[in-house]
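J.: One-letter residues, chain by chain:
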Amino acid sequence: MPTQQRIDRQWAWQPYLPDRDRPWNLQRVGHLYRRAAFAASWAELQQALHDGPKKTVDRLLTPGPDYESFHRSMEEVAALIAKGDNSIHLRAWWLARMCRTPFPLLEKMTLFWHNHFATSNAKVNHVGYMLQQNQTLRRFALGSFAEMLQAISKDPAMMIWLDTHLNKKGRPNENYARELMELFSLGIGNYTEQDIREAARAFTGWEIRDGKFHFNPAEHDDGEKTVFGRTGRWRGEDIVRMCLEHPACSRFLARKLFRYFVSETLDPEPDLLEPLAQRLRHSQYQVGEAVRMILTSNIFYSEHAYRARVKSPVEFAIGILRALEGQPNAVALANALENLGQRLFYPPSVKGWDGGPAWLNSTTLLARNNLAQALVSGEDPQFGSRCDPVLVLRKYGRQSEEQGLAFFLDLFLQGDLAPDARQRLAGYLRESEQFRWPAYWSDQDRREHRLRAVCYLVLTQPEFQLA
Amino acid sequence: MLNRREFLHTSLLGSSLVALHGWGPGFLARTALAAPTADSPGAKDTILVVIQLTGGNDGLNTVVPFKDPLYAKYRPTLQLPTAQLKKVNDEIGLHPAMTGFADLLQDGALCIVQGVGYPNPSQSHFRSMDIWHAASTRESLTEGWLGKALHRLPQPGAFHVAMANEPNWLALQGAPFKVPALTSLEDFQLRTPAATGSDQRSQRQVLEAAAKRPADHPLLSFVQQTALNTYENTRRLREIGRNYQPKVPYPPTGLANRLRLVAQLIEANLGARIYYVSLDGFDTHASQANTHANLLAELSGAVTAFFKDMAARGHRDRVCIMTFSEFGRRVQENGSRGTDHGSAAPMFLIGGRVRAGLIGEHPSLEKLELGNLKHHTDFRQVYAAVLEKWLGIPSQGILDGQFTPLDVFRS
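Sequence order for the protein chains is A and B. Heads up: the first sequence begins at 1 in the working numbering, then just goes up one per residue. Heads up: the second sequence begins at 1 in the working numbering, then just goes up one per residue.
Quick caveat, the hints were computed from the structure, so don't treat them as lab data. Be a bit skeptical, because a hint or two may be false.
Reference listing, derived: stretches of chain A covered by chain B, where coverage requires no fewer than 3 residues with Cβ under 8 Å from a Cβ of chain B [what the hints assert, rightly or not]:
#, stretch
1, 358–370
2, 449–458
Under 10 Å between C-beta atoms, here's a sample of chain A residues computed to sit facing chain B [claimed, not checked]:
#, residue
3, Asp163
4, Asn167
5, Arg171
6, Met293
7, Ala308
8, Val310
9, Arg343
10, Gln373
11, Ser377
12, Pro381
13, Arg386
14, Val390
15, Asp420
Just so you know, these numbers come straight off a predicted model, no measurement behind them. Heads up, the beta-carbon is just placed ideally off N, CA and C, and yes, glycines get one too.
Modelling step: build the complete structure from the supplied sequences, incorporating the hints.
T.: Written out as structure tokens, the structure is:
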């Protein structure tokens, strides 16, 4: 449970070293995999337990030997999708990628940036451009934020989304300049309305030609502009650079990364975040370094971070699939996620999804339960039995029903569930032995049905909603 | 969005079963007795439907001061042809797409409040929306005006009829229970992998018990409350008839579908007094003309159908619809045949008891503030009227400061 007490900043960012009070156990492994990946399979949990935190974090941060060929095959599919112009295929493609990738942290960060530079195809209306943006976000996801901010400013989807391509000399359009400062780099309160109006002039003459960024000097206002108190004949690139040089930028980004990886409930003091902001500044905004600092820190493995986030719909769904080593129907999954409140490539606004507790309301919580049902019951017309808890039990040699329940609890909750809740789950298995089942069911049908049902009941425990 | 303080707050309130206690079909009969005074209008069972126009509606092209020569000057390409406007008087006309609203005006059911805003307006979508939601301009805003209002109502009931991708708005936070968000009744059913009746009962018991277990973890306790509310609501909404037959046809638009569901929930007599819906897309920085016309047609068509449906069911004097947007738009159009973020704008109130016609002058096109219209009426004066004169509850403590209710309702 997060506490109000002041957190010692030095302690917070020192590397976590397992000891008797804070052992490297299943709970900490599960925690790391929920944050730095999309949960873990049983084999991954065991491997990480054996390897220890340092080696595991290294592995999560590095593309493994399989990644290159995986990436290539996904890009081949992407090329077809770009031609097809059907956004459901685009969403399905990304979900399949998250589900199968040997480098899940890269997808996790791409998702972070999709929410940071939230662009919706509702306005862009161009699958090829949306895909291209997704590839740009992935390219820089663990790399340089400075380069990414320049690249995204010239990204065609972004330019359509925030009207940069319509911004002309003498007739400036403020849309991009405002969100660049408010949402992409500085945060509200760190610039003035006048800064926005002047900065908008610097982005005039930015156009899209042949599907690419094009600078048109004839439409560019090359007069003097004063932004953040500095006067010059600034161009768009200068404004982006000045945002990156602004002292608020690294702090803004550090706060967002902290919220994504550490806690949504803790509102960290600026002082606590300063070392992370510093790391960003000193590394010229190398995101991977900041992420490594977080994933190896004391605070990350502490009670301040444990279960201090609400899973996003994507984390919820992909987490189930990866844990059960399932192969989903990705189109069906993309459709289902809409009811959970996360339609990829269609964030509700340029601010992205609010996240945290805002993910959950009556409708979305119900949709989560119903998706869990569809995925594990083996009977859903869309999902069928491509993600079968019974197969996983068989694979890892769990024979009895007690072993089955214990396995699901360890796999999904790392055994961290109150004893009374555990007993009720066991109670269902016991009670249901006496139910009258359809007469044509075999012993095996009955047993497997009850195991799938108890898996569903584990997935609907409130604890499973937390990351 | 909820923050930490709110989790603590909600978890302190204890089980949502307590909060939901008494919110059921029998509510109307009980409130009639519980109502404070009969002479405060709306103290009984009035209903408020709030429609949020997300993105910043261009008020200047919604309620148009066509007589003012500056209008044409500032809007060289976006000016609306005078002949097509729906005239309100000799100087002011509604956007040509708002034929339904013109009918409502004729019918004495449309009130147009001009020049609404607040001091030192923010031109950030998100900050300004928060200010409208919280009815406050303080730096940190965590509770919404409707969430707080629900504490004061004798029986707190509310629904957010939402689109699938829609955020949980700040306006509804801080309520004694979590305001349920509904997208459709069909989607609002709990499916379990149960094979028989006793299997289903048994599974449902495990689910509900998990939601009721005491938790000392604020985030976990928040999830549990949401789950408990959800299970309660699925039970309640299962009873509602699926075949709602509107008395008038609704247009085939998203907003009309949402308002139709509102009508269905009102008819089901669940006792909710506050409904929240939104319409997105008003952030018209470029090529505004068609987009804006379509949005206003959707708004006007849906609201008119809903109101006529309600009136035909005898709720003409029981329902009030209020629209707002986080800001208006810049007076001078930009170079992309669109408009950038602005400030003051009109609000609409629709109902059998509103004071029909214009309230307040159109803000001057001469005396601008950084190129934006200056407000003369604080939005919290409208909120104060809605709270005090319509819902029958004091506005103090809900609005940040003292605001005199604007005279928008007939007494």
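J.: Does each hint hold? Answer for all of them.
T.: Taking the hints in turn, this is what the structure says about them:
1. Interface restraint, the stretch 358–370 of chain A with chain B: holds (11 residues with C-beta to C-beta distance below 8 Å; minimum three).
2. Taking a C-beta to C-beta cut-off of 8 Å, the stretch 449–458 of chain A contributes 5 residues in contact with chain B, enough for the three needed, and the coverage statement holds.
3. For Asp163 of chain A, the interface hint holds, since its Cβ comes within 10 Å of a Cβ in chain B; the closest pair sits about 5 Å apart.
4. Taking 10 Å as the C-beta contact cut-off toward chain B, the hint placing Asn167 of chain A at the interface holds, the least distance being around 7 Å.
5. Given hint, Arg171 of chain A at the interface with chain B, holds; its Cβ is 2 Å from that chain's nearest Cβ, closer than 10 Å.
6. Because the closest C-beta pair between Met293 of chain A and chain B is about 24 Å apart, greater than 10 Å, the hint is violated.
7. The criterion of a C-beta within 10 Å of any C-beta in chain B is met by Ala308 of chain A, whose closest approach is roughly 6 Å, and the hint holds.
8. Interface restraint check: Val310 of chain A against chain B, minimum CB-CB distance 7 Å, threshold 10 Å, status holds.
9. At about 5 Å, the closest approach between the beta carbon of Arg343 of chain A and any beta carbon in chain B falls short of 10 Å, and the interface hint on this residue holds.
10. Interface restraint check: Gln373 of chain A against chain B, minimum CB-CB distance 5 Å, threshold 10 Å, status holds.
11. Using the Cβ-Cβ criterion of 10 Å, the hint placing Ser377 of chain A at the interface with chain B is satisfied: the shortest such distance is roughly 4 Å.
12. Because the beta carbon of Pro381 of chain A sits about 12 Å from the nearest beta carbon in chain B, more than 10 Å, this interface hint is broken.
13. With a least beta-carbon distance of about 15 Å to chain B, the hint placing Arg386 of chain A at the interface is violated under the 10 Å criterion.
14. A hinted interface residue such as Val390 of chain A counts as satisfied when its beta carbon comes closer than 10 Å to some beta carbon of chain B; here the least separation is about 12 Å, so the hint is violated.
15. The beta carbon of Asp420 of chain A is positioned within 10 Å of a beta carbon in chain B (closest approach about 7 Å), and the interface hint is therefore held.
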